[in-house]
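Peer 1: These are the residues of each chain, in order.
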Amino acid sequence: MARSERRQTPREAGAAVREEKSVLAVNARRSIRERTIIDRLEEFFGREITTHNAPIENYIRGGPGAVRALAASLNRFDHFHDDGLGLTPSDLQGIETIGEVVIAIVVWYRRNGWNVVFR
Amino acid sequence: MTRKALAVRRKALAAALCVAALPGAGTAQESTSESAIGINYPSDAEYDKAVAARCGDSGFYLRGDVANVGVYFQNGASLVENGAALSITGDSGTTTATVNGVAGYVFNRNCLPRPAGFDPDYPFVSGYVISPWVLANGTLFNSEEDDGNTKIQAGLSGQVELFQAIFDTQYLTATPYYQTDFKGEAQIYGGTLSWRPYLLDIHLGGTTTPAGAMLDVYWSVDAIADYFYVENAGSTDLTEGTEYAWLGASFGVAGWILPDALDDRLTFTTRFDAFWDAYSKQSVDYFEANVAWALTEDQNAAIELAYKNGTDKDTLVDIDQWNLGFTFKY
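So the sequence lines, in the order shown, correspond to chains C and G. Number 74 in the working numbering belongs to position 74 of the first sequence; there are no gaps in the numbering. Number 179 in the working numbering belongs to position 179 of the second sequence; there are no gaps in the numbering.
To be clear, the hints were calculated from the coordinates, so they are not data collected in a lab. Just so we're clear, the structure is a prediction, and the values are computed from it rather than from any experiment. Glycine included, every Cβ here is placed at the ideal spot set by N, Cα and C. Check before you lean on any hint, since a few could be wrong.
Unchecked claim - Have a look at the derived ranges for each label pair, beta carbon to beta carbon:
#, chain 1, residue 1, chain 2, residue 2, range
1, G, Phe287, C, Arg76, 32 to 38 Å
2, C, Thr51, G, Pro176, 43 to 49 Å
3, G, Met214, C, Arg76, 25 to 31 Å
4, G, Ile319, C, Arg33, 30 to 36 Å
5, C, Phe77, G, Ala245, 40 to 46 Å
6, G, Ala103, C, Thr50, 36 to 42 Å
7, G, Glu185, C, Arg76, 50 to 56 Å
8, G, Gly59, C, Arg33, 35 to 41 Å
As the list claims (entries may be wrong) - In silico contact screen, one side only, chain G against chain C (beta carbon under 7 Å); selected entries:
#, residue
9, Ile37
10, Ile39
11, Val51
12, Cys55
13, Arg114
14, Ala116
15, Phe163
16, Trp195
17, Tyr198
18, Thr208
19, Pro210
20, Ala211
21, Asp216
Based on the sequences and whatever the hints tell you, model everything.
Peer 2: Below, the structure written as structure tokens:
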């Protein structure tokens, strides 16, 4: 068997993955689709998001205090946590619609070096 | 994989990740019309301006409970179960009016940013507020009668929010106050310290609303330390010249029955308070439950059936009453 055709050892496979990650970090901005953000929010809330104008009360109970607490809960949620999402209560203070939650998250990604991709 | 193959793959990966190369791709600022749910995304400057406007929104408020006023307060919030209430009753020539509400003004509410260099998981102080208020709670009669369970309080609330410290967020509040009764005879001076945590994972302070749920429910807890000195007991059952130092907690549950089918109109709340006085060693408890049917779509007005039983620690008067009333919010 030629040297170049042999199977990768686990150590070599790991090295390849690390190389790819370093490429992601150094040579390109990470990207995320708006649809992915909305899908994650739908999973979080257990309810579809079909329009940005839907009242936030349709998605979370407990009033303004709970809406501010939502920032921490979203920061902790699965893939958002993996991405290092860092919303603060200020981002959600006084919001009235679910669209404003999406905007806060998109703006966070944008400001933290991500490209937000549409459609 | 050879070094050469790895380099080729690296190049391909970099190209694939270049957003400009993706069909239909662009930054949020460039592609506002492409949003899947019709959002017109603001620029960063516009976003900051909108956040600043929401955070600096001081103003007058009217609510059912002073605990509903704080960093998280906002005008137009829809919380029927926490609305101010006024109900009028006629019975054999005696007319009574029951008042239950707090009015005040919010000063210096703020939203503090995460300190530079802090990880997203680190706790920080994220807001504070100072709010003077006046509370009225009790029943007015069309005679000189006073059932001894009326109070008017004037106070100043200072509140700090601590974000992501074990809980999602939590509020620490200090409230010095002056209390009298509806006749103006009682003179009571005091101060309250309270703590309210939120952790949405366990429905503490709030809950999400999964589609098709039979019941949306969350619970709340307020830990409270309340010290006051009674100079004049007035019509209350408190003892003049006596100090009280109540330690305890208030537990609450709020629920929406068949929220999707009934359009959020049918709600219930319960509250249980348990307190112990460090001076007299006595304990008091208080239970309250109500069911409300919202009359308006914005839920700012409702018909409410309430039951109260127990002892109010602020007046030491026993309560056991049903009440059917109309609640409204401004």
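Peer 1: Each of the hints needs a verdict: does it hold here or not?
Peer 2: Going down the list of hints, with the structure as the test:
Phe287/G and Arg76/C have their C-beta atoms about 34 Å apart, which keeps the hinted 32 to 38 Å range intact. Remark: the range hint 43 to 49 Å for Thr51/C to Pro176/G is upheld by a beta-carbon distance near 46 Å. The beta-carbon spacing between Met214/G and Arg76/C, approximately 27 Å, falls within the hinted interval of 25 to 31 Å. Ile319/G and Arg33/C have their C-beta atoms about 57 Å apart, which leaves the hinted 30 to 36 Å range violated.
Phe77/C and Ala245/G have their C-beta atoms about 42 Å apart, which keeps the hinted 40 to 46 Å range intact. Between Ala103/G and Thr50/C the beta carbon distance is about 39 Å. The supplied range of 36 to 42 Å therefore holds. A hinted range of 50 to 56 Å holds for the C-beta pair Glu185/G and Arg76/C, which are about 52 Å apart. Roughly 39 Å separates the CB atoms of Gly59/G and Arg33/C, a value that falls within the hinted 35 to 41 Å.
Interface hint at Ile37/G: satisfied, since its Cβ lies 5 Å from the closest Cβ of chain C, which is below the 7 Å cut-off. Because the closest C-beta pair between Ile39/G and chain C is about 5 Å apart, less than 7 Å, the hint holds. Restraint check, Val51/G versus chain C: the minimum CB separation of about 6 Å is within 7 Å; hint holds. Taken as an interface hint, Cys55/G checks out: its beta carbon lies about 5 Å from the nearest beta carbon of chain C, inside 7 Å.
Checking Arg114/G against chain C by beta carbon gives a least distance of about 5 Å; that is within 7 Å, so the hint holds. Checking Ala116/G against chain C: minimum C-beta separation of about 12 Å lies over 7 Å; hint violated. At about 6 Å, the closest approach between the beta carbon of Phe163/G and any beta carbon in chain C falls short of 7 Å, and the interface hint on this residue holds. Of the supplied interface hints, the one on Trp195/G is violated, with its beta-carbon coming no nearer than about 13 Å to a beta-carbon of chain C, more than 7 Å.
Proximity of Tyr198/G to chain C holds as hinted, the smallest CB-CB distance being about 4 Å (cut-off 7 Å). Because the beta carbon of Thr208/G sits about 5 Å from the nearest beta carbon in chain C, less than 7 Å, this interface hint is met. Given the 7 Å rule on beta carbons, the hint for Pro210/G holds: about 3 Å separates it from the nearest Cβ of chain C. Checking Ala211/G against chain C: minimum C-beta separation of about 5 Å stays under 7 Å; hint holds.
Hint status for Asp216/G: holds, given a least beta-carbon distance of 5 Å to chain C, under 7 Å.
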